[in-house]
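Participant: One-letter residues, chain by chain:
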Amino acid sequence: MPGEEERDRLIDLLLREELGGEGPPDLAEKVLARAFGRRRRLVPWLAAAAASALFAVLAWALLGHAYPEPRASGRFVVSGGGEVQRGSVILTEGGGAALALGGYCRLELEPQSALRIEGAKRAEQVCLERGGVACDVDSKVGTFVVRADLGTVSVRGTRFVVRIVEVKGGEEMVAKKLFVKVAAGLVLVSGAWGERALAAGQERMFEAEQPQQHQLSGTVAMACPQGKFIKIRTEDGAEKLFPVAEAAQEAVRQLKSGGKVTATYIQCPKTGKDTVTKVERAEGPKPEEHQVAGTVVMACPQGKLIKIHAGDGSETLYPVAASAQEAVKQLKKGDKVTLTYIRCCPKAGKDTVIKAEKAS
Amino acid sequence: MGESGAEAMDKEALAAMVRSHQAEVYRYLRYLGADASAAEDLVQETFLAAFRSANAPCDTGGRGMAAWLRGIARNFWLRHCRRSRTDPVRADSELLERAEGVWADEFLRGGDGFDYVEALHKCLEALSERERYALDLRYAERKPRSDMAGLLQMTEDGVKSLLRRIRAALAECIRRRLELEKL
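Chains as they are written, first to last, in our numbering: chain F, 1 to 360; chain H, 1 to 183.
So that you can see chain H by itself, here it is in the shape it has in the complex:
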């Protein structure tokens, strides 16, 4: 533990910062492509680095702090990808910038992403029975694609395309809803 960290932040303050932001940092790392285990490790590295840094924004609960932590997490993710020799495309900094853009501008929209999740709930209600069934098989029941293919009477590639089409439709539905709400 660096001394600057100890001076900059005590145990209470660190606990408060972790509890306020850990969920978002974890989600962000999963969104960038980290699996659950890597995301858990990198979340811890992110907060330890933040704890040791003397440059933390003053407001530990605010959006400025969230953006700062995302920046640290992104760097750790890049380092992790390079160390594990992950596909260089996933660690490309330009792609990461674009990912940050979608995360900040479309998902968070200056808040904590609640409006986006709320819109997702509404859009899920508007899906057809077959689409909802496919999502439940994939996400709630965690069926492998081969099982889904049998249940939906389609090929495995067909299942993959169907899921992608449903996600694209949900993204478009959410975008329209949020645009309407803005008006």
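Same shape as in the complex, but just chain F:
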């Protein structure tokens, strides 16, 4: 098989890394030193002085006086005011901020971020509540952890970025994902997915497990006009009231009491309540579609109503379904249009425009 030898070498290499811990070394300093020149060697007396100074610093550190307090610079505010210290929440808005922890963790907080300083001496930890942070952690000094709702990123000397990505799926349905990108070293990301190691050059989006979907069939006992709640009566007579996710509210607005439906619902991660994400009518064929062509007499600015002068001389005012309102907003008096409408839209009780196409 072509490439068999190469494939064997590839697997051998990955096994050395995965099972034997033979990861790629960090050569950045060596490359930079060769590209930009090394620092001049210290003359002996200067080296001795430097050694004494280092000894003094180490002694000072060992006595426990020198551990640096958290420091921040840039454009930030401390939530609730006060000094930057452990327990503080640092908020950035338009600009970013830099944060130094323990003398070995340098953090760059992205704009629109919120980060709480936690941890202890040589066990620095932050909790990323919003936004993103790039971290540069010196090795062999202490541990460093970035916590977030979805998981925890632990390192021992590396450069990496952690970002919380919010994906809006509806009013109460903000799905958070955790993005981790490693520039150097190795990080361990743990969460609902278990533990994953990410090596230099790798990036990954982590997300919480998808909530389990359930279905319930029955008749509509109540559908609120705004589509935000629906009560379903099952065959055994039990009734259940659900909040409705934004994505399904338009469909709920079209329902009327007594109609048969199948609702798909999940447990909302934010509220903990069973929330309908999809409703499907279980009865009757789809309403028949009709078309009429004419000239626009009036199109309301919100796109909710349109009146046209048809070819037979009649003028008709139509309510417009949400799906066609954006197109209707673009129309003006005198435009030639073709409207697609359905008879007896359940909610409006009138012929309702579901599509509006401007004649070219």
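Honestly, the hints are just simulated from the structure, not real lab data. Heads up, some of the hints might be wrong.
Said to hold, decoys possible - Lysine-lysine pairs mimicking DSS-like chemistry, simulated, CA-CA at most 27 Å apart:
1) H:K11 - F:K30
2) F:K260 - F:K231
3) F:K176 - H:K122
4) F:K278 - F:K240
5) F:K177 - H:K122
6) F:K350 - F:K329
7) F:K228 - F:K278
8) F:K176 - F:K273
9) F:K278 - F:K176
Said to hold, decoys possible - So the derived label-pair ranges between C-beta atoms look like this:
10) F:E289 - H:E97: 54 to 60 Å
11) F:H214 - H:E125: 29 to 35 Å
12) F:E108 - H:R142: 38 to 44 Å
13) F:G259 - H:A67: 53 to 59 Å
14) F:R86 - H:E156: 56 to 62 Å
15) H:E97 - F:R106: 38 to 44 Å
16) F:H290 - H:R176: 51 to 57 Å
17) F:Q112 - H:D41: 41 to 47 Å
Even for Gly, the Cβ is constructed at its ideal location relative to N, Cα and C.
Using the hints provided, position chain H relative to the given structure of chain F.
Facilitator: Relative to chain F, chain H alone:
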């Protein structure tokens, strides 16, 4: 340091480029056959050459840059093999092309190889106890083949064949997993 390099890339940009790509370039050189020490030297040569070149792709973090750096690393590896009079077969440019094909098409698959490593983890879980034991002896405990032969009660050649068979099975398992995921 050439002037074009200094103009094309400052210290920050070079540091960012090295940190983004050094792991992949190092792995690639090891995959081509370089030992750890040669790979370290050649990684440095690769980035210094990239730094001095005026032809670097604009996006220092992107896949185009990764492919460009692999090309430089491959040339340095060829030169290294010729200088050290390594077996000419290892430095054959046709073999290197084939190696690049497996690396780019099967391992990276347009990304950074994460999916491949993830699939490897899953496939390791599916190995038999004896196969996993053999891999742990070889890779985690770094036992010489003679010790492994004693522990596994087989000949040294048998150990060599067993390890090769396990690696082939892992490669096939990974290929099937990635194909399934693509569907």
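Participant: Work down the list of hints and note, for each, if the structure agrees.
Facilitator: Hints, one by one, checked against the model:
1. Between K11 (chain H) and K30 (chain F) the CA atoms are separated by roughly 13 Å; this keeps the pair inside 27 Å, and the hint holds.
2. Under the criterion of a C-alpha separation no larger than 27 Å, the hint pairing K260 (chain F) with K231 (chain F) is consistent with the structure, at around 12 Å.
3. Our distance criterion of 27 Å between C-alpha atoms is met by K176 (chain F) and K122 (chain H), whose separation comes to about 26 Å.
4. For the proposed pair K278 (chain F) and K240 (chain F), the alpha carbon gap of about 15 Å is at most 27 Å, so the pair holds.
5. About 23 Å separates the Cα atoms of K177 (chain F) and K122 (chain H), which keeps this hinted pair within 27 Å; it holds.
6. A hinted pair counts as satisfied when its Cα atoms are at most 27 Å apart, and K350 (chain F) with K329 (chain F) qualifies at roughly 20 Å.
7. Restraint check for K228 (chain F) and K278 (chain F): the C-alpha separation of about 12 Å stays at or below 27 Å, so the hint holds.
8. Straight-line distance between C-alpha atoms of K176 (chain F) and K273 (chain F) comes to about 18 Å, which keeps the hinted pair within the 27 Å bound.
9. A distance of roughly 21 Å separates the Cα atoms of K278 (chain F) and K176 (chain F); the hinted pair therefore holds under the 27 Å criterion.
10. As the Cβ distance of E289 (chain F) to E97 (chain H) is approximately 59 Å, the hint placing it in 54 to 60 Å holds.
11. In this structure the supplied range 29 to 35 Å holds for H214 (chain F) paired with E125 (chain H), their Cβ-Cβ distance being about 31 Å.
12. Under the hint 38 to 44 Å, the C-beta atoms of E108 (chain F) and R142 (chain H), about 39 Å apart, fit the expected range.
13. Against the hinted window of 53 to 59 Å, the Cβ-Cβ separation of G259 (chain F) and A67 (chain H) comes to about 58 Å, which satisfies the hint.
14. Range check, R86 (chain F) to E156 (chain H): about 58 Å between beta-carbon atoms, so the 56 to 62 Å window is met.
15. Distance hint check for E97 (chain H) and R106 (chain F): the Cβ-Cβ separation is about 42 Å, which falls inside the suggested range of 38 to 44 Å.
16. In this structure the supplied range 51 to 57 Å holds for H290 (chain F) paired with R176 (chain H), their Cβ-Cβ distance being about 53 Å.
17. At roughly 44 Å, the beta carbons of Q112 (chain F) and D41 (chain H) sit within the given window of 41 to 47 Å.
The earlier numbered hints are all upheld by this structure, with none contradicted.
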